[in-house]
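So the sequences go chain by chain: A and B. Counting from 17, one number per residue, gives the positions in the first sequence under this note's numbering. Counting from 17, one number per residue, gives the positions in the second sequence under this note's numbering.
Just so you know, the hints here were simulated from the structure itself, not pulled from any lab data. Keep in mind that this is a model prediction, so the values were computed, not measured. Be aware that a few hints might be false.
Note that identical chains are pooled: a pair holds if it fits in a single copy or bridges any two copies.
As the list claims (entries may be wrong) - Listed below are the simulated SDA-like cross-link pairs for lysine to any residue, each with C-alpha atoms no more than 25 Å apart in a straight line:
#1 Lys234 to Ile258
#2 Lys192 to Lys203
#3 Lys371 to Ile125
#4 Lys430 to Tyr46
#5 Lys192 to Asn345
#6 Lys185 to Gln357
#7 Lys185 to Ala350
#8 Lys87 to Leu142
#9 Lys234 to Asp64
2 protein chains.
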Amino acid sequence: MAENYVEMWKSIGMDIEKHNELLNILGQYYGAVYLTQKNRPKAMGYFDLVVSEIHGLRIKELNDSRKAGKKVIGAFCIYAPEELAYAADATMVGLCGGADFSVPDAEAILPRNLCPLIKSFYGFKLNKTCPYFQSSDLVVGETTCEGKKKVYELLNELIPTYVLEVPHKPDTRQGKEFWYKELEAFKAKLEEVTGNKITAEKLKESIELINNKRKALKRLSDLRANNPSPISGLDALLIYQISFNDDVKRFITKVNELCDELDERVRKGEGVTAKDAPRVMISGCPMAIPNWKVHSITQAAGASVVVEESCVGTRYFTNLVEPKGDSLNDLLWAMVEKYSQIPCACFTPNDARIKSVTDLAKQFEAEGVIYYTLQNCHDYNVEGVKVDRALKTLGLPMLKIETDYTMGDSEQIKTRIEAFLEIIQAKRKS
Amino acid sequence: MAENYVEMWKSIGMDIEKHNELLNILGQYYGAVYLTQKNRPKAMGYFDLVVSEIHGLRIKELNDSRKAGKKVIGAFCIYAPEELAYAADATMVGLCGGADFSVPDAEAILPRNLCPLIKSFYGFKLNKTCPYFQSSDLVVGETTCEGKKKVYELLNELIPTYVLEVPHKPDTRQGKEFWYKELEAFKAKLEEVTGNKITAEKLKESIELINNKRKALKRLSDLRANNPSPISGLDALLIYQISFNDDVKRFITKVNELCDELDERVRKGEGVTAKDAPRVMISGCPMAIPNWKVHSITQAAGASVVVEESCVGTRYFTNLVEPKGDSLNDLLWAMVEKYSQIPCACFTPNDARIKSVTDLAKQFEAEGVIYYTLQNCHDYNVEGVKVDRALKTLGLPMLKIETDYTMGDSEQIKTRIEAFLEIIQAKRKS
Numbered sequence: 017m018a019e020n021y022v023e024m025w026k027s028i029g030m031d032i033e034k035h036n037e038l039l040n041i042l043g044q045y046y047g048a049v050y051l052t053q054k055n056r057p058k059a060m061g062y063f064d065l066v067v068s069e070i071h072g073l074r075i076k077e078l079n080d081s082r083k084a085g086k087k088v089i090g091a092f093c094i095y096a097p098e099e100l101a102y103a104a105d106a107t108m109v110g111l112c113g114g115a116d117f118s119v120p121d122a123e124a125i126l127p128r129n130l131c132p133l134i135k136s137f138y139g140f141k142l143n144k145t146c147p148y149f150q151s152s153d154l155v156v157g158e159t160t161c162e163g164k165k166k167v168y169e170l171l172n173e174l175i176p177t178y179v180l181e182v183p184h185k186p187d188t189r190q191g192k193e194f195w196y197k198e199l200e201a202f203k204a205k206l207e208e209v210t211g212n213k214i215t216a217e218k219l220k221e222s223i224e225l226i227n228n229k230r231k232a233l234k235r236l237s238d239l240r241a242n243n244p245s246p247i248s249g250l251d252a253l254l255i256y257q258i259s260f261n262d263d264v265k266r267f268i269t270k271v272n273e274l275c276d277e278l279d280e281r282v283r284k285g286e287g288v289t290a291k292d293a294p295r296v297m298i299s300g301c302p303m304a305i306p307n308w309k310v311h312s313i314t315q316a317a318g319a320s321v322v323v324e325e326s327c328v329g330t331r332y333f334t335n336l337v338e339p340k341g342d343s344l345n346d347l348l349w350a351m352v353e354k355y356s357q358i359p360c361a362c363f364t365p366n367d368a369r370i371k372s373v374t375d376l377a378k379q380f381e382a383e384g385v386i387y388y389t390l391q392n393c394h395d396y397n398v399e400g401v402k403v404d405r406a407l408k409t410l411g412l413p414m415l416k417i418e419t420d421y422t423m424g425d426s427e428q429i430k431t432r433i434e435a436f437l438e439i440i441q442a443k444r445k446s
Numbered sequence: 017m018a019e020n021y022v023e024m025w026k027s028i029g030m031d032i033e034k035h036n037e038l039l040n041i042l043g044q045y046y047g048a049v050y051l052t053q054k055n056r057p058k059a060m061g062y063f064d065l066v067v068s069e070i071h072g073l074r075i076k077e078l079n080d081s082r083k084a085g086k087k088v089i090g091a092f093c094i095y096a097p098e099e100l101a102y103a104a105d106a107t108m109v110g111l112c113g114g115a116d117f118s119v120p121d122a123e124a125i126l127p128r129n130l131c132p133l134i135k136s137f138y139g140f141k142l143n144k145t146c147p148y149f150q151s152s153d154l155v156v157g158e159t160t161c162e163g164k165k166k167v168y169e170l171l172n173e174l175i176p177t178y179v180l181e182v183p184h185k186p187d188t189r190q191g192k193e194f195w196y197k198e199l200e201a202f203k204a205k206l207e208e209v210t211g212n213k214i215t216a217e218k219l220k221e222s223i224e225l226i227n228n229k230r231k232a233l234k235r236l237s238d239l240r241a242n243n244p245s246p247i248s249g250l251d252a253l254l255i256y257q258i259s260f261n262d263d264v265k266r267f268i269t270k271v272n273e274l275c276d277e278l279d280e281r282v283r284k285g286e287g288v289t290a291k292d293a294p295r296v297m298i299s300g301c302p303m304a305i306p307n308w309k310v311h312s313i314t315q316a317a318g319a320s321v322v323v324e325e326s327c328v329g330t331r332y333f334t335n336l337v338e339p340k341g342d343s344l345n346d347l348l349w350a351m352v353e354k355y356s357q358i359p360c361a362c363f364t365p366n367d368a369r370i371k372s373v374t375d376l377a378k379q380f381e382a383e384g385v386i387y388y389t390l391q392n393c394h395d396y397n398v399e400g401v402k403v404d405r406a407l408k409t410l411g412l413p414m415l416k417i418e419t420d421y422t423m424g425d426s427e428q429i430k431t432r433i434e435a436f437l438e439i440i441q442a443k444r445k446s
């Protein structure tokens, strides 16, 4: 791929040599983790192609659209209101932040005891190896965690970064009114950056578009409640990850085609794992591409990962934006309500997340939960206390894993997960 | 002291045995750090007495006032609007959170890689050795940092805890309107808890009272700009710490008496350190009583700590609440403006703090800055990047120290501070 895109990469200011290193690492890692899986659905071929072209063809599409006057808005969080971006005729893309590759570059400036995702994204902008950063006209950040919030200030020195403030008490009237005004201010910013007016008609259309993306992902997720699951946790995770980068309409079509195939598998009782594989939920911090560490260790240990209670998972697609009317005011208020329902651990208290974890455990017949925390993420780390208690009331064991993007602790995590699966097996017999 | 207060401590549910351990440790530590200082102002005698009675006489005063119907509101942060508490005829007190003593108790539940202040306060409530917690009718928290925010949820299970949401973008209209509404909601909560109506007259009075406390502390602080400083950094820090616990009116009188004595010292050119002692600013995280670690090491190394850019320092008393009229609306808006000027690192961006650090460095003729971060405090840790840059433009060296409440790293910190003071000395000669 590298040969065909070098000129394009140069034109967006990438560090070609360093980027080649990254592509080599990613290619090998993807091959080892994904292409060794057995019995994958045929329709995964499309998503394999997307990954292989994620720094190539997709970047070409984005930059072709930029030449035609479209703007690209980079984002990190499902609190970034993508409906507004599309209503301004812009494209929203997820930025790089899931690889250890860029962490050492970030650590030359940032404290080391910071979340790996934050160090990763800042390093990717510093070292110029993320083509999504290099193709973005604006970055939209949010105040969902203090590490990101403070690093956005430094990121803004490298690329224009607009920060939306997310209220942290989810249920107060003043908090919702504040969030409404933050959405209005972001709308004005997008209109300024794109030169396009966000009308009620445009916003209604984009709400429908993004709702359709969420519906397709929920359809995929719900299919995994079957036993055996017709698709692996790794493959589902990959699709959730790609949802932040691929062309939205094409992506919806391809996810639905995959679901058609999975429907057929379910009808036949076919799955990717043994029917008696332990069913595990993973709950916690987001896993940005190519963060496949815990899923791959869990699968290799013989478990079936059946659901991710995560921003790269159910938190993204569980609720839709459901307007009560067609005015801009109605549409924005529907967005306020929808986004207030995302149970981010930045909320206090975050009872909706506790309910979501227990509801999902029941729906997916999970036999245990791996609680996944990125290192130094206080919000998810502390909230684990309450999640653990709630799972205990259901009689479900929880394994807490706090880790970064390096592979140094893989063997230790493997040992802990194997012991955890033994606990699940023992509970079955008792 | 213990003999006289045991019955009182029992009556507020304290763990007497464990508390005796704590008192022994604190007494010895205070003696070693404070009473060994030479040439202290005579008026420090009052503050020594306050410390010796901080779990005794002061707790008796609070509980006598509770018997007479007054409520006590516990707080952790200078964002807790004390003017409202006093206007509701309540007393606001700072809660324990500065000692390693309670950290192991907290770590039985909380993650270990959390800020020591947070673990300390949660542990103090768990182990029932903080008489301020035990005497509080309500705790008021705030969303200034995510670790505190999430632990308040757990604290609320042990003692009623009300959380105020502080907007993090300090300069937006919607943020200020939101903060106004949060103050209104807290006012209603206080009226409910105390049974007292907060009138404009009462609020005006309490604003004046707290302004007078801030003025007295600023008078003390400004005196330290003299060379040599008439009071040690340790003694000044102690007074700032005590300001959260002592009776407000008495405290104001005693601070002003001390300042009268310091005025006299300044007139005579007397100070507590050699005139050529390196002048050091400490900037960063708050230091709750008995957190004297970095000050005592810095003083012992021969430096004069002349100012603390800290919430237990200048951030508390630099600005006053200055109403433009007498209505409740005027008074609350004046509070919104004042609190928005506290340059907490939770703000993004926090340009006011960068300006404050450089302004203070000039006012106090600091020759170097020790940047103090509590372990795992992302806000202050990351903001250190910008503070360092700003100080470089003034040609001032900065030493970053990230530490907890244990003494395990004291020798290492001592070595680093000594080397830092040598840099300052070398700069003088060059």
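Right, here's what the structure says about each hint:
1. For a Cα distance limit of 25 Å, the shortest separation of Lys234 from Ile258 inside one copy, 15 Å, qualifies, whereas the shortest one across copies, 56 Å, does not.
2. In the homo-oligomer, the alpha carbons of Lys192 and Lys203 lie at most 25 Å apart both inside one protomer (16 Å) and across protomers (20 Å), since each shortest distance falls under that limit.
3. When the C-alpha separation of Lys371 and Ile125 is checked against a cutoff of 25 Å, the pair qualifies only between copies, where the shortest distance is 21 Å, while the shortest distance within a copy is 39 Å.
4. Proximity of Lys430 to Tyr46 under the C-alpha cut-off of 25 Å is restricted to the intra-copy arrangement: shortest distance 19 Å within a copy versus 48 Å between copies.
5. Proximity of Lys192 to Asn345 under the C-alpha cut-off of 25 Å is found in both arrangements, the shortest distances being 13 Å within a copy and 22 Å between copies.
6. Taking CA atoms no more than 25 Å apart as the test, Lys185 paired with Gln357 passes in both settings, with 12 Å inside one copy and 22 Å between copies.
7. In this assembly of identical chains, Lys185 and Ala350 lie within 25 Å of each other by CA distance both inside one copy and across copies; the values are 18 Å within and 24 Å between.
8. In this assembly of identical chains, the alpha carbons of Lys87 and Leu142 lie at most 25 Å apart only when taken from the same copy (22 Å versus 53 Å across copies).
9. In this assembly of identical chains, Lys234 and Asp64 lie within 25 Å of each other by CA distance solely inside one copy; the values are 20 Å within and 64 Å between copies.
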